[in-house]
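Given these sequences and hints, build the entire structure.
One-letter residues, chain by chain:
There are 2 protein chains.
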Amino acid sequence: MADDKGFTLWFTGLSGAGKTTISRLVAEELQARGSRLEILDGDVVRENLSKGLGFSKKDRDTNIRRISFVADLLSRNGVPVITAAISPYREIRAEARELMGDRFIEVFVKASVEVCAERDAKGLYEKAFKGEIKEFTGVSDPYEEPLDPELVLETENQSPEESAGRVLSLLEERQLIPAAQPA
Amino acid sequence: MADDKGFTLWFTGLSGAGKTTISRLVAEELQARGSRLEILDGDVVRENLSKGLGFSKKDRDTNIRRISFVADLLSRNGVPVITAAISPYREIRAEARELMGDRFIEVFVKASVEVCAERDAKGLYEKAFKGEIKEFTGVSDPYEEPLDPELVLETENQSPEESAGRVLSLLEERQLIPAAQPA
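Residue numbers (this note's numbering), protein chains in the order written: chain A, 13 to 195; chain B, 13 to 195.
To be clear, the hints were calculated from the coordinates, so they are not data collected in a lab.
Be careful, since some hints might not be right.
It does not matter which identical chain is used: a pair holds within one copy or between any two.
[To be verified] Here are the simulated lysine-lysine pairs, DSBU-like style, with alpha carbons at most 30 Å apart:
id, residue 1, residue 2
1, K142, K70
2, K17, K69
3, K63, K146
4, K17, K70
5, K146, K70
Note that this is a predicted model, so its numbers are computed, not measured.
Next comes the structure, spelled out in structure tokens:
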């Protein structure tokens, strides 16, 4: 705790792109190095901060602003945070960057709709393709790709472990986390 | 930051009882001692986490659960927090205590409805007495006093400075903050 520097890894990407999986791997490695990490996962936040909100642009924006408010509270107090919500709109991500300044690190977790749909064990994409789920990002609702993120994780071509490794390398380069100890 | 121990001072009491005033005084003193403090004030939280919620029991409960979620995130990472929302219902305060365990310190900021109404510069109580504001705690909506809080601040009989002093003494006794340096 003592030497933690606050930052927010702002994961953004489609459902199924790998945000949750990669954030858990990063969290495990940070814990192993004696650092903390809070993950503000999309589902956790919907349950605890945004119950009752839907998926219209307005409701999505409200949801993301709440995540941003909490990530700012934590990171400005030295707590490392990963947010792992789809956060499809550029403008609201820009607001989060504005709020957190240098603490904000945008990580584009990138995979095509087709690959995300193939990975989808819950069959959400299939329902979205059939029109059974409305306002589904990437299918019936927009996803605005980041134009200049700090990191792009091409999860079609690299394993979750490789992606997590790239995140950790960036944090080490910026001296935001302690280096790994030799085994 | 390094030696901060996480805790949540859960202020509860009527509008006008002194929650915000006392919490600011405590924050100033903690900053002077090199410690941080985040204040989750009722108004700030309504704006940032709970816009759209009203003042029915259900909406109030949701609002308080959100405050509790965020206070837990901060305090479990070593960040001292004051929550300063009315939080009128015992059951939901008990939930917050359950969530945070030893980190939860309930502070009853106590003043009668009559005294709170006298202090009220915005005239909210007057409007509530006339029935122009519905669901106003202490007038047309219940306030359930804490049965066994860690601290009671009798703000009718002591100044905000005295109340803040009592809070700081409790935190010192519990070794949650550094002692004041002699001037």
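Now for the hints, and whether the structure bears them out:
In this assembly of identical chains, the alpha carbons of K142 and K70 lie at most 30 Å apart only when taken from the same copy (24 Å versus 36 Å across copies). Taking the closest pair of Cα atoms, K17 and K69 never come within 30 Å of each other, the shortest separation being 33 Å inside a single copy and 39 Å across copies. Proximity of K63 to K146 under the C-alpha cut-off of 30 Å is found in both arrangements, the shortest distances being 18 Å within a copy and 24 Å between copies. For a Cα distance limit of 30 Å, the shortest separation of K17 from K70 qualifies neither inside one copy, at 33 Å, nor across copies, at 38 Å.
Taking CA atoms no more than 30 Å apart as the test, K146 paired with K70 passes in both settings, with 15 Å inside one copy and 28 Å between copies.
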